[in-house]
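J.: Residues per chain are reported as follows:
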Amino acid sequence: MDDVILSLEGVGKVFPGVVALSDVSLSIARGETHIVLGENGAGKSTLIKLLAGIYEPDTGTIAFNGAAYQPKSPHDAQLSGIRIVHQELNLLPYLSIAENLMLENLPRRAFGIVDRKALNRRAVALLKEVGLEIDPRTRVEALGVAQMQLVEIAKALSDDSKLLVLDEPTATLTPPEITRLFAIIKRLKSKGVTIIYISHRLHEVFEIGERVTVLRNGRVVATRDLHGLTVPDLVRMMIGRDIADEYSFDDAIVPGKVALSVANLKRDASTPDISFAVRHGEILGVAGLVGSGRTEAMRALFGADPKLDGVVEIDGKPVAIAAPKDAVRHGLSLLTEDRKGQGLLLDMAVDKNITITDLGKISRNGLLNRRAEAAAANDLVGQLRVKASSIEQAVRNLSGGNQQKVVLAKWLFRGTSTLILDEPTRGVDIGARREIYQLLWMLAAQQKGIIMVSSDLPELMGMCHRIIVFSRNRIVGEVPRAEFDQERILSLAYQEYVRP
Amino acid sequence: MTETSEPLVSAPVSPGRAKFLRFLIRDAGVLLALVLITLFFSATAPYFATPDNALKIFVQIAINTVLAAGMTFVILTGGIDLSVGSVLALCTVVGATVMIDESLSPAVAITLALLACMATGAVCGFLNGWISTRWKIPSFIVTLGMLNMAAGAARVVSDNSTITGLPQSFVDFGNLIIGGFLPSIFLVAVLVIAAGWFVLRFTVFGRMIFAVGTNDEAVRLSGHNPDFYKVAAFTISGLTAGIAAMVYLLRLNIGSPIAGVGYELNAIAAVIIGGTSLSGGKGSIIGTLVGACILQVLSTGLQLLGVGDNFKPIVIGLVIVLAVILDAYRERLLRKVR
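First to last, the sequence lines map onto chains A and B. Numbering-wise, the first sequence is residues 4 to 503 according to this note's numbering. Numbering-wise, the second sequence is residues -3 to 334 according to this note's numbering.
No lab work stands behind these hints: they were computed from the structure. Possibly wrong hints are sitting among the right ones.
As the list claims (entries may be wrong) - Listed next, the in silico BS3-like pairs over lysine-lysine satisfying Cα-Cα at most 27 Å (straight line):
#1 K75/A x K131/A
#2 K343/A x K132/B
#3 K52/B x K308/B
#4 K328/A x K132/B
#5 K269/A x K132/B
#6 K260/A x K328/A
#7 K131/A x K194/A
#8 K343/A x K364/A
Bound conformation, chain A alone (with noise of 0.2 Å):
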């Protein structure tokens, strides 16, 4: 390699309780596009917060554009000429989208005023970039996960970055979406940019990718050439073991009867009503572009948003809910989509979020039995393999899959008849995501009702028994497993997309 944009020399970070980063040594050419894959808690994230400014390596050396490279913020990351779009978005929702784009930098006129005419017509060159037409004074809030995406991407270019960083880009957006997204990376590689990428969707990097790099544990693996490497050859390389077969589908689990069944929900006057169930031990999947009213559906059906009318039955029984408490007592378990805003509080530790959904099985009188508490928490981290320094560190701490074990366990420790999984793997690495789906048969083969909403189709058809189909808040069909056929779902999901 001549031309070196990025090396690490020897990059270790420790924090207490875990070794993130040990020994890092690696090398980024200019111009390349750089995949980098890693189970959770490999070290990913932390590498990239090394590069990002907002940790300093407790070891070694980062050298970039022929400098030693020590950011102490992630402005000072800018300056150098490194952007990173992170996995959670950093949008300001109330404001413009070109006021986002330039707020580092937004274009004067005398007295500090914000010159509007040059903000907008940077703003709309910007957008073209990355191929996204849209009006930018629109504020951001209106705008879909995918276009938020991009309006990242484009802030990322606002100041000619010569390194890109992105972190999971893939993770909320649809096939279309992510095809378009590639386009725009093989864009800006055209344009000299160096782009490394970090992604949990092995399929989708042989598309982008020129080299890899694994990390395990906070160490390089390896990296290689992508090309004559296999999803089986990395998946190797990242747990350091074979999977055979990354969605097992046991055919002995035989649904029974009804566990749920919801009829004509509507959740407000605009929204037509939609009617499905679920049975004991079937796990039904919900397949569905990201905002089709996959998650609004299921929310209403918890309890968690208010709903105009709909009659929701348990085993048969109709029952009310009006609150995601009534929900909980009649056996149903969310795990929503946001882990961290809505399903965990993340200050508190593993034992506390894990007993927080029935408290009262630890407690006599009100009185809590803290011993009793650590013996059920421990044993579910045991059960799900959660890995944590001890069940008392706080859930922020832990990795995206540890958190979504954390967030199943506290269900698992309600008890629970029916669960509803809204992007249970989002975010989360093979090896977590293989135990969860595991964990998913087995609680199906306890003939437990289960709602899995996802955004990965191969995920679903390797999961369900069948698969309803949401398309503009509408169920718009049903496949059963024997039909499984991606295209078929896909245009189910676009059909009142497409529509005059």
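Start from chain A and add chain B according to the hints.
T.: Quick look at chain B alone, frame taken from chain A:
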């Protein structure tokens, strides 16, 4: 991760040690500050390190400590209660009015007054909580309204005058110094703190207070009603304002519609200096007690040093701001340790 699962990467800080570090950062820091300030004034201010002065400080922090104990609950849930000062005023006139009723024997009058104070405070607190949760209005605004309403009500009840003539046995109890070192009203404050500590630490209710302050939406989606706990926290704050009113009556022997002006700010300051986070979810009521001590030690010490009444508030104000800065810094430290 089955057979090949590697052990957790080596842990430089063991859970036990992390726990100890957390204790140091979260709780011991304030305590250490109190000790240092006390040592400083003992060395520099005349009369500071005398038993008499210590007694005086204990007497002086009682009211604020009781108010701050309830305030801790509210702040832990992420709210704020600006009304406690004037709710206290209302409770003093209600309590005093009941107590001077000559048709009642002193024992009955005092008991009824205590109940009336607590009930009045609790109702005010309940209204604060109920209104702010029912209509989703920031508690800052609702309690600001209550501050004015309670102050007005206190004038109405007292006919805008000071109520005197409390039973002698009541006054005597207020002046009592148990064993020569423990003023009765400080004992009341300590009991309130102890009760709060027990509730927050050992009960399901206490756990829910912390959880609601950490993430009320997650609590709601876990099948609880977070509003219940918010309303309860405000009710507790009102209740302690009622108890603080009794302490006020014990100490000053008058019910006054203009009592308690600015008390809410002292209570909030004690809570924040004590390390409870204004954004909710983190803190301790023992810290609140220490915070109240720090405020009073500073005030008394500065006075004894001859710092004028004009400069004292400046120093105390600086300390409050410093405490909040430390709080932010402490969060960062804690995050590293956890």
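J.: For this structure, which hints from the list above don't hold up?
T.: 1
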